[in-house]
Structures are given as structure tokens and as C-alpha cells.
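Trainee: Chain by chain, the residues:
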Amino acid sequence: MSTSRRQFLKMIGASAVIGLGGISAFEILQPGQFEASQLSKNPEALVGKRWGMVIDMKKLDNETMQKCIDACHRIHNVPNIDNPKEEIKWIWPETFEHAFPGMESKYMSEEIEHMQFLVLCNQCDNPPCVRVCPTKATFKRADGIVMMDMHRCIGCRFCMAACPFGARSFNWRNPRPFIKEENREYPTRMKGVVEKCTLCYERLAKGLKPACVEESNGALIFGDLDDPNSEIRKVLREHYTIRRKSELGTEPSIYYII
Amino acid sequence: MLELAIKGSRRYWSWVIFLLAIISTGVISYLYQFRVGLGITGMSRDVSWGLYIGQFTYLVGVAASAVTIVLPYYLHNYKKYGRIAILGEFVAVPSVIMCMLFIFVDLGQPLRVLNVLLHPTPNSVMFFDMIVLSGYLFLNILCGWYVLGAERKGVPPAAWIKPFIIIAICWAPSIHIVTAFLYQGLPGRHYWLTAIMAAKFLSSAFASGPSLLIIISLILRKFTRFDAGWDAIQTMAKTAAYFLIATIAFYLFEVFTAFYSNIPGHMHPIKYLFVGIHGHTKLVPVMWTCTLLLAIALPILIIPKARKNEKALGFAAVATFIALWLEKGISLVVGGFVPNPFEKVVEYWPTLPEVLIALGVWGIGFFILTILYKVAISVKEEVIFDKYGERQIRAE
Ligand code: SF4
Ligand code: SF4
Chain A
1 MSTSRRQFLK MIGASAVIGL GGISAFEILQ PGQFEASQLS KNPEALVGKR WGMVIDMKKL
61 DNETMQKCID ACHRIHNVPN IDNPKEEIKW IWPETFEHAF PGMESKYMSE EIEHMQFLVL
121 CNQCDNPPCV RVCPTKATFK RADGIVMMDM HRCIGCRFCM AACPFGARSF NWRNPRPFIK
181 EENREYPTRM KGVVEKCTLC YERLAKGLKP ACVEESNGAL IFGDLDDPNS EIRKVLREHY
241 TIRRKSELGT EPSIYYII
Chain B
1001 MLELAIKGSR RYWSWVIFLL AIISTGVISY LYQFRVGLGI TGMSRDVSWG LYIGQFTYLV
1061 GVAASAVTIV LPYYLHNYKK YGRIAILGEF VAVPSVIMCM LFIFVDLGQP LRVLNVLLHP
1121 TPNSVMFFDM IVLSGYLFLN ILCGWYVLGA ERKGVPPAAW IKPFIIIAIC WAPSIHIVTA
1181 FLYQGLPGRH YWLTAIMAAK FLSSAFASGP SLLIIISLIL RKFTRFDAGW DAIQTMAKTA
1241 AYFLIATIAF YLFEVFTAFY SNIPGHMHPI KYLFVGIHGH TKLVPVMWTC TLLLAIALPI
1301 LIIPKARKNE KALGFAAVAT FIALWLEKGI SLVVGGFVPN PFEKVVEYWP TLPEVLIALG
1361 VWGIGFFILT ILYKVAISVK EEVIFDKYGE RQIRAE
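In the order they appear, the protein sequences are chains A and B. First residue of the first sequence: 1, per my numbering; consecutive thereafter. First residue of the second sequence: 1001, per my numbering; consecutive thereafter.
Calculated from the structure, these hints are not laboratory results. Owing to the predicted nature of the structure, the values given are computational and were not obtained by experimental measurement. Beta carbons: idealized from backbone N, C-alpha and C, even for Gly. Fair warning: there could be bad hints in the mix.
Unchecked claim - Cut-off 30 Å, straight-line C-alpha distance, at most; resulting in silico cross-link-like pairs (DSS-like, lysine-lysine):
(1) B:1344 <-> A:106
(2) B:1271 <-> A:85
(3) A:206 <-> A:191
(4) B:1374 <-> B:1153
(5) A:106 <-> B:1271
(6) A:85 <-> B:1374
(7) A:58 <-> B:1305
(8) A:85 <-> B:1238
(9) A:67 <-> B:1162
(10) B:1238 <-> B:1222
(11) A:180 <-> B:1007
(12) A:191 <-> B:1238
(13) B:1271 <-> A:140
(14) A:49 <-> A:206
(15) A:49 <-> A:234
(16) B:1344 <-> A:191
(17) A:67 <-> A:85
(18) B:1344 <-> B:1079
(19) B:1282 <-> A:245
(20) B:1374 <-> B:1282
(21) B:1271 <-> B:1344
(22) A:67 <-> A:180
(23) B:1271 <-> A:245
(24) A:191 <-> A:140
(25) A:245 <-> B:1079
(26) B:1344 <-> A:59
Stated by the list, open to error - Here are a few chain A residues that sit away from chain B, every Cβ distance over 10 Å (derived from the structure):
(27) 111
(28) 143
(29) 188
Said to hold, decoys possible - Sample of chain A residues at the chain B side, in silico, Cβ under 10 Å:
(30) 85
(31) 157
(32) 249
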């Protein structure tokens, strides 16, 4: 018995080092401890109560947008699958009418109508994807990041039906052959699990801002929505912003300046 | 009693072998899916549930519908159902097993299915669905098997089983209500976001379930000496008729809400299903076939003269069963996903392996049904008279 127990502990330890699997194990044993231990490991880590992002469409041109997308997909080993039915994407462009259905109007400015908007998981405050997940493979951290535990997901895709933003992708096949250059610092996924943007939680732990924010030349502003003195709050005070499908009550944490 | 299943006629064995062949094809296709992933299906990023979850949804209804027989028999002492009560219960067993199998084959990581138990998550409706399904399966096996055993011994069922039967009756709607809740609480899926989803589910279940039992009764009348009884079949037909009226009415209520309110999000899925959007019309034939079948079946079930005609009734039962299958087993799921959250249309159509897997699961269901019925019918052929002294089989 003691052997298997040791093995079990080793397995938890190993999976914690490798990636996400450990989070859940720790969360069960000692809720809340995982983040604390991870944060205390690195004093540089960014700490926030409620992470959010403002996307300033006035500053974001298509070229920069593509750079943001490429950076994210590259460092997270997001496979490049051409077939749109099986495609995996964490952050991508959509035109106004598709990103904000119901907000378009007959006589709106053509420029905005055809403008490409950068969309990603909204890290909702009230996320339906978390509500429906039968295994807690999708869960929300205290700082508002909606996380995926790829080792626990059973691939029921209930979360995909529940997310009203189409933010989630499913690995219909083994994604590994579709990764051009693997980033060894981030785990790849297997077939049959759901994935999405996790707001670069792994970079925050190292004190870095999300990759897209870093690439955006200041068009993407990342920060703590709960901190009235943060830069993001200043931007939100000064500009009129919109959120995707705010009428659904999921409380997205991604704001857009148009 | 199980030994009764291995003594059978030639026809019985051919049927069993036929089913085993279908099951094997399904299993082989499933192994292929297991290796490659769900990419072998027609599902996509945008339509992430398809044929499998549709079958699950439909079969939950068939399972729950046993209550339309069991309730009048046990609670209202409706004697005409004496002979077939057990057949109703035995329909529920394979239906629930098929439901579970359909969820299983739909999983991307089937080997992790126990995670649902290891990490119980009461905020997920799926957790409750699992509980009500397994509970219902247990109750129906218990009640069905026990009552049949008592019948074989020629004694009335003992009193302790009564509470279980009552619980099973109350439990039946729950499996359907909870399954409806899987759909009806999701934001942004306009086709599903309706409070009468559960009511629609129950009504269509109570129309398709009795239809299936009518079909089965007619088949049994033809091929075995067991006779469900003409009155029982007629009563089931009336049940199906009333619930079919309710089902159609509920659907029309939805259409009214969507189109009179004129809210685009609510109109789009219905438009997609009946006329197509931007030239995407894959489900249009499905919906119109469904409509046509119901338009023929409904008058037959309602008009007494037509209903009493055995051939017409058989046709109406088959038409109802297929029409509601088209509605719930296919279009309901897809209608929720089209158009997608970006108001774009991505269509869905099942692939061959997907269809073979689904057929395989149906094959397993019919296999279990056949075994259970073989046992039940053999017992009934032995017993001849039921506990009310009514003849169960036709005199030669
Ligand atoms: S955008 Fe979708 S996936 Fe992201 S948190 Fe909100 S509901 Fe969940
Ligand atoms: S697919 Fe995975 S993450 Fe999504 S609801 Fe199912 S178990 Fe949870």
C-alpha cells in the first residue's frame, strides 16, 4: 500500500511540475494552496484580484493583431489545422457583426462594420462554461482566470455548448502533428479535450504580461479590474467601452474601445 | 429466468444474429473512433454535439414513456394494461442503457468517464442526469424482473415491491426533465432557451414511447402467441394521440414566440430548420419529412375509425416514432448550434462511421430488448392467464 501511495504522491508532484494536472489535485487536498505556493515561489509574479483586458481598436491595426495571434498560438503550441471544422484557436479576428451580433445597425459606419476585432475567451466573471462542466476540468481561479485542466477533461463538450462566445476549441484529433515548432515550456494537448485561452496564467506567474499584450504596442491593456488605481481602470474611466453580449449576464472581463 | 432466452425458434435466432452483426460493425467503427478521435464524425467546432447526443435525448424520452403504461396500471388499476405493463418496463431498461452508451461514445476521453464520479460537481446538470439515469435503470430492472418472476410462479407480487413501483413512476419524468435542463439553461442558444423545453420533451416522449409499444405489440401479435390485447393497444394509441397534439401545439407556441416577437436570434434556428439560411439547407428535408409524417399520423390517431384499423394504426405509430426521432434525435441538437455564436452557419451531417456507431448502440439496445422480451413472452406463454384471470395468449 505504501508503495502505491508513494507513487500516487509522485504522480501528483510530477503532474504539478509538468502542467495543469497538479492544480486540481492540490485544489482538492488543500483548496487555495496551489496558487499561494506557486505565487510564493516567484516573488515577481503578477498578483491581481480580477484580471481583465481592454482592447483599444483605435490603436490595433491588422498587422499588429496578427502578431498578437501568432505569438499566442506559438508559445501555447496551438496547432495549425486548416480545416475550419476542426480548427483550434485561442485568439482570432472577427468582423464587428460577427463579434458583436445584435449590435450592428443598418446605417453604421462601414469602417467599423468591416473592421477586424480581436476576440478571445472573455474570462467571464460568471462563466457558464464553469457552471456546466461535470468534472471541474473548467474552473475559475480567485483572480478571475477561467482555467482548463486538460488532464481531467472528459471531452463531453458541454462547455462548448454553454459558452456563448464560441471561445472554446476541441481536439477532434491528435493535435501534435499540426504543431510546426513545439515550445517545450508549455504542454501540448492530446485528442479529445477542450482548450481555450487561459490569459497566459503561466506568464503571470513569472511576472510577465500575457503574450498578446506584449506584442500589441500598447493596444491591449492588461490589468487588475478590482484595483481602482490600475492603468486598466484609468483607461476604462476615460473611454467608452463595450463588451461582447453583455446582455447574457456572463460579465466578460474583456472590454473594447471602438 | 434467463435460460428462457436461449431456447428459441429459427426466426428468433436469425434476428439475434442480425443484431449481433450490426453490433459488431458498430464496435469496429467505435474502435476506429477511439483511435483517431471524434474527428471521424461530422461534428465541428461550431456544432459540437450531433447524432450521438441527439439519440441520447430521444431515448431518454422512450425510457421515461414506460410510465404511460405503468402508471395507469398500478395507480389507476387499469386492468387492460396488465399484460403489457412489464413490456413497458422492459422498454425502459435498454433505452436507459442506450442513453448511457450514447453519452459514452460521445466522449473525447472515454477512459476518463469516471471523473464524473470522482469529482462530483453538483452545479453541473450532467451530474444529476447521471444520477437520475442510473436510478431509473435500477428501478426498472428491479420492478420488471421481480414482477415477472412473481407472475411465473403464479403469485401476486409481494407488497415490498409496491413502493419501488411508485418511486419508479415518480422518477420517470425526472430523467426527462433533467435532460431538458441540460439544454434549456444555456445562454446564447436561442433554440434551447425556452422554459417549455422540459414540457416539450415530456409530451413528445409520451407520444413516441406508446407508439413504439404499439409497434412492438403488433409485431408480437404477429410472430408470437402473446397478445397485448386490442383494448390496450387502442388506449396506447389514444395516449399517443393526446400527447402528439400537445407536442405539436408546444412547437407552434415556440414558432409564435419567435416570429411574432420578431427577434432575429429566436427566428434564425427555426428558419434554418424549415427553409434554410443563406443557402444552407441540410436539415430542411429532415424537418419537412417530420412535418409530413406527423400530418398523416395525427388524423389516424385521432379519428376513431382510422385508429381502429390495424394497418393504419401501425403506420401511424411508425410515422410518429420516426417523425419525433427526426425532431429530437437530429434537428433539436443541431438547431441549437446553428447559427453559431458568431451568427455564422456551419452545417452538420453525420458521417458513415458515426452512423454505424449509432446503429451499433441501437443494435445493443434491441439486443437487450429482445432478450428481455423473449424471457417475458416465454413466461407469459407458459402462464397463459394473468393475475386477473385474463387470457394472455390467443387460443389456437
Ligand atoms: S468566454 Fe466562454 S469560455 Fe471564456 S469564460 Fe466566458 S463562457 Fe467560459
Ligand atoms: S469538455 Fe471537458 S472542460 Fe468541457 S465541460 Fe466537458 S469535462 Fe468540462
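Trainee: The structure should be examined with respect to each hint, and the outcome stated for every one.
Mentor: Going down the list of hints, with the structure as the test:
no.: 1; hint: B:1344 <-> A:106; verdict: holds (18 Å)
no.: 2; hint: B:1271 <-> A:85; verdict: holds (22 Å)
no.: 3; hint: A:206 <-> A:191; verdict: holds (29 Å)
no.: 4; hint: B:1374 <-> B:1153; verdict: holds (17 Å)
no.: 5; hint: A:106 <-> B:1271; verdict: holds (21 Å)
no.: 6; hint: A:85 <-> B:1374; verdict: violated (45 Å)
no.: 7; hint: A:58 <-> B:1305; verdict: violated (72 Å)
no.: 8; hint: A:85 <-> B:1238; verdict: violated (45 Å)
no.: 9; hint: A:67 <-> B:1162; verdict: violated (69 Å)
no.: 10; hint: B:1238 <-> B:1222; verdict: holds (22 Å)
no.: 11; hint: A:180 <-> B:1007; verdict: violated (61 Å)
no.: 12; hint: A:191 <-> B:1238; verdict: violated (49 Å)
no.: 13; hint: B:1271 <-> A:140; verdict: violated (37 Å)
no.: 14; hint: A:49 <-> A:206; verdict: holds (17 Å)
no.: 15; hint: A:49 <-> A:234; verdict: holds (16 Å)
no.: 16; hint: B:1344 <-> A:191; verdict: holds (26 Å)
no.: 17; hint: A:67 <-> A:85; verdict: holds (24 Å)
no.: 18; hint: B:1344 <-> B:1079; verdict: violated (55 Å)
no.: 19; hint: B:1282 <-> A:245; verdict: holds (28 Å)
no.: 20; hint: B:1374 <-> B:1282; verdict: violated (40 Å)
no.: 21; hint: B:1271 <-> B:1344; verdict: holds (14 Å)
no.: 22; hint: A:67 <-> A:180; verdict: holds (17 Å)
no.: 23; hint: B:1271 <-> A:245; verdict: holds (22 Å)
no.: 24; hint: A:191 <-> A:140; verdict: holds (23 Å)
no.: 25; hint: A:245 <-> B:1079; verdict: violated (56 Å)
no.: 26; hint: B:1344 <-> A:59; verdict: holds (27 Å)
no.: 27; hint: 111; verdict: holds (20 Å)
no.: 28; hint: 143; verdict: holds (20 Å)
no.: 29; hint: 188; verdict: holds (15 Å)
no.: 30; hint: 85; verdict: holds (3 Å)
no.: 31; hint: 157; verdict: holds (4 Å)
no.: 32; hint: 249; verdict: holds (7 Å)
Of the numbered hints given earlier, the model fails hints 6, 7, 8, 9, 11, 12, 13, 18, 20, 25; all others are met.
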